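There are 2 protein chains.
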Amino acid sequence: MAELRKDPIVGRWVVVNTENPYLPNQFEIKPFEWKGPQGCPFCYGNEHLTPPEIEAISTNWRQPNAPGWTVRVVPNKFPALRIEGNLDKQGNGLYDFSNGIGAHEVIIDNPDHFKGIAELNNWEVECILKAYRSRSLDLRKDTRFKYILIFKNVGAQAGASLEHGHSQLIALPMVPKNVKDEVVGAHHYYEFRERCIFCDIIAYELEVKERIVLETEEFLAFCPLSSRFSFEVWIIPKEHLTDFGVIDDYKISVLAQTLKEVIGRLKKLLGEHPYNYIIHTLPVNTDVHFGYHWHIEIMPKLIRIAGFEAGSGFYVVGTPPELAAKLLRETTL
Amino acid sequence: MAELRKDPIVGRWVVVNTENPYLPNQFEIKPFEWKGPQGCPFCYGNEHLTPPEIEAISTNWRQPNAPGWTVRVVPNKFPALRIEGNLDKQGNGLYDFSNGIGAHEVIIDNPDHFKGIAELNNWEVECILKAYRSRSLDLRKDTRFKYILIFKNVGAQAGASLEHGHSQLIALPMVPKNVKDEVVGAHHYYEFRERCIFCDIIAYELEVKERIVLETEEFLAFCPLSSRFSFEVWIIPKEHLTDFGVIDDYKISVLAQTLKEVIGRLKKLLGEHPYNYIIHTLPVNTDVHFGYHWHIEIMPKLIRIAGFEAGSGFYVVGTPPELAAKLLRETTL
Numbered sequence: 313m314a315e316l317r318k319d320p321i322v323g324r325w326v327v328v329n330t331e332n333p334y335l336p337n338q339f340e341i342k343p344f345e346w347k348g349p350q351g352c353p354f355c356y357g358n359e360h361l362t363p364p365e366i367e368a369i370s371t372n373w374r375q376p377n378a379p380g381w382t383v384r385v386v387p388n389k390f391p392a393l394r395i396e397g398n399l400d401k402q403g404n405g406l407y408d409f410s411n412g413i414g415a416h417e418v419i420i421d422n423p424d425h426f427k428g429i430a431e432l433n434n435w436e437v438e439c440i441l442k443a444y445r446s447r448s449l450d451l452r453k454d455t456r457f458k459y460i461l462i463f464k465n466v467g468a469q470a471g472a473s474l475e476h477g478h479s480q481l482i483a484l485p486m487v488p489k490n491v492k493d494e495v496v497g498a499h500h501y502y503e504f505r506e507r508c509i510f511c512d513i514i515a516y517e518l519e520v521k522e523r524i525v526l527e528t529e530e531f532l533a534f535c536p537l538s539s540r541f542s543f544e545v546w547i548i549p550k551e552h553l554t555d556f557g558v559i560d561d562y563k564i565s566v567l568a569q570t571l572k573e574v575i576g577r578l579k580k581l582l583g584e585h586p587y588n589y590i591i592h593t594l595p596v597n598t599d600v601h602f603g604y605h606w607h608i609e610i611m612p613k614l615i616r617i618a619g620f621e622a623g624s625g626f627y628v629v630g631t632p633p634e635l636a637a638k639l640l641r642e643t644t645l
Numbered sequence: 313m314a315e316l317r318k319d320p321i322v323g324r325w326v327v328v329n330t331e332n333p334y335l336p337n338q339f340e341i342k343p344f345e346w347k348g349p350q351g352c353p354f355c356y357g358n359e360h361l362t363p364p365e366i367e368a369i370s371t372n373w374r375q376p377n378a379p380g381w382t383v384r385v386v387p388n389k390f391p392a393l394r395i396e397g398n399l400d401k402q403g404n405g406l407y408d409f410s411n412g413i414g415a416h417e418v419i420i421d422n423p424d425h426f427k428g429i430a431e432l433n434n435w436e437v438e439c440i441l442k443a444y445r446s447r448s449l450d451l452r453k454d455t456r457f458k459y460i461l462i463f464k465n466v467g468a469q470a471g472a473s474l475e476h477g478h479s480q481l482i483a484l485p486m487v488p489k490n491v492k493d494e495v496v497g498a499h500h501y502y503e504f505r506e507r508c509i510f511c512d513i514i515a516y517e518l519e520v521k522e523r524i525v526l527e528t529e530e531f532l533a534f535c536p537l538s539s540r541f542s543f544e545v546w547i548i549p550k551e552h553l554t555d556f557g558v559i560d561d562y563k564i565s566v567l568a569q570t571l572k573e574v575i576g577r578l579k580k581l582l583g584e585h586p587y588n589y590i591i592h593t594l595p596v597n598t599d600v601h602f603g604y605h606w607h608i609e610i611m612p613k614l615i616r617i618a619g620f621e622a623g624s625g626f627y628v629v630g631t632p633p634e635l636a637a638k639l640l641r642e643t644t645l
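The listed protein sequences correspond, in order, to chains A and R. Just so you know, the numbering used here puts 590 at position 278 of the first sequence, and the rest follows in order with no gaps. Just so you know, the numbering used here puts 420 at position 108 of the second sequence, and the rest follows in order with no gaps.
Derived DEER-like restraints, expressed as beta-carbon distance ranges:
| # | chain 1 | residue 1 | chain 2 | residue 2 | range |
| --- | --- | --- | --- | --- | --- |
| 1 | A | E519 | R | T528 | 55 to 63 Å |
| 2 | A | E527 | R | E431 | 51 to 59 Å |
| 3 | R | L474 | A | Y562 | 47 to 55 Å |
| 4 | R | V520 | A | N377 | 41 to 49 Å |
| 5 | A | E527 | R | K389 | 36 to 44 Å |
| 6 | R | E331 | A | G403 | 16 to 24 Å |
| 7 | R | K401 | A | E642 | 28 to 36 Å |
Which chain R residues stay away from chain A? Per the calculated CB distances, all over 12 Å, these:
| # | residue |
| --- | --- |
| 8 | P343 |
| 9 | H360 |
| 10 | K427 |
| 11 | K442 |
| 12 | K453 |
| 13 | I524 |
| 14 | T598 |
| 15 | H601 |
| 16 | T643 |
Keeping only pairs whose Cα atoms sit at most 25 Å apart, straight-line, the calculated DSS-like set for lysine-lysine is:
| # | chain 1 | residue 1 | chain 2 | residue 2 |
| --- | --- | --- | --- | --- |
| 17 | R | K342 | A | K342 |
| 18 | A | K401 | R | K521 |
| 19 | R | K442 | R | K563 |
| 20 | A | K342 | R | K347 |
| 21 | R | K489 | A | K492 |
| 22 | R | K489 | A | K489 |
| 23 | R | K401 | A | K521 |
| 24 | A | K492 | R | K492 |
| 25 | R | K492 | A | K489 |
| 26 | A | K347 | R | K342 |
| 27 | A | K453 | A | K563 |
To be clear, the hints were calculated from the coordinates, so they are not data collected in a lab. Predicted model, so just to flag it, every value in this text is computed and none were measured. Every residue gets a Cβ at the ideal spot worked out from N, C-alpha and C, and that includes glycine.
Based on the sequences and whatever the hints tell you, model everything.
Laid out in structure tokens, this is it:
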């Protein structure tokens, strides 16, 4: 019989297929159809195909908008939101509106068209994380912004429109609903117990050991008990830290290692597959919630489901997180 | 500039692309790859390929599990949940669990392998809706069940694993999170204003007229102001009704017409495309919430995004609902 499990943070129930668990080879994952670097706006020499860069990380002096960078941050060419103008929030009858003030940036992970997080070296992954941090710190100076959403889509099935490895950042003048649910849920728990729910989850997972993927000095990688997706992995700092934006250099280097290792193991186990990761962190320019704890959620997209779950809030997980964690623990690169 | 809009029921913000609206021909919709009826367990003569039927609608007397039916309801061969056993809810540390008690049924819409809702006649669509109603009324007798989720996935990209037209029903021992958010949101509004928020939305939409697709004697079909998906359409009874399960025969016949007309227009405008619909209705065997109002949400899946939105709660809508509604109003079958 399957098992129903309730997420203690947001109250979501999921159905875990404990009866006939899906193994990695039972997912019909379509191989990526690589088109290659021809005309790719994220490759060296094509810098003029993107809007002018916002910042870049490079080891040597270089001209802006020219080759030589390691990570390059540019405005999204087709932004969902724009930074210019005054924030204008209004009500009309039942509804609330705001004009589309925000920022929508693309972080080009690396000059190599084909390399994903697993193929980059530690230092290159560190550079990506440093770009995330730098943009988060810069954008929050604009007090109109209340949330900085940093995420990555890999593969067309996970929403990537370009195959060259990249991440995205969206700065929003309000807190998105899912983040709010999480922050409010954690805050309720904190008010009731005076402890951070994420810290309690970490302690629980370290005690039962069933869902741990790997533990490093600073981070825990585990498959959450109430995973929504098969092989979902969370990476969380063991220390109680609320804000990804103020992560220090040492933690960045350990996080880079951890992220690369987890994504590498997922790739070795599942083959090339579409996935998303999202950095979950505290809203900015708003009240501090003591009960929050930043983390990264990695969500492989192994089945072809395009949003029924989003509409219903009803998730069926083919691979129980205990099995996923065991397989990922046993995978060596 | 884009516009941010807040859903007044659950508090979700969406970004509406009012600047460069997507037109129907700008979506890259992959045509369905029809495999045909060979070996299809939902076709006449293959009744033995499904578990024994739960009920069927037919015009003439027939043997159970034999041809001659118009709509046939069978247990899902690979159920997410099972009906046998005692409900066992438990807590363990931070988490809450339940065994996988529930029902997972498939409603085979029609014997014709290739016909969708738009191609069936009114009476055939009525029969499907009557099967939904009948199963909803039957399953709620089991007081372990708190929610009866009825939905349809069309096309592999929207999660359909079989191409023969069918719907699904899942009876759950708890209320899924998205339903709870909606019921609680509507209830808060009701407590504050002593009016149903859905009734207020209907009144508002009828007044401003911008987002109406069509209005029949009993139902309103409109594109919600804070749509998550391009060409999202809701069909809602104009009368304040909370429970789909007690819909009367006359309303079923008008609903069949309305549903067929809306899905037909979507198909004419967008071509064959993946979509989901979900019947949103009040939980069963639980407290009554005066502020709820049942309705059907139709969600075309026109872009290849596989859940980033679900993870972030951040939706970008390519076609503003005002434009979608205008195009759908102007489409004639």
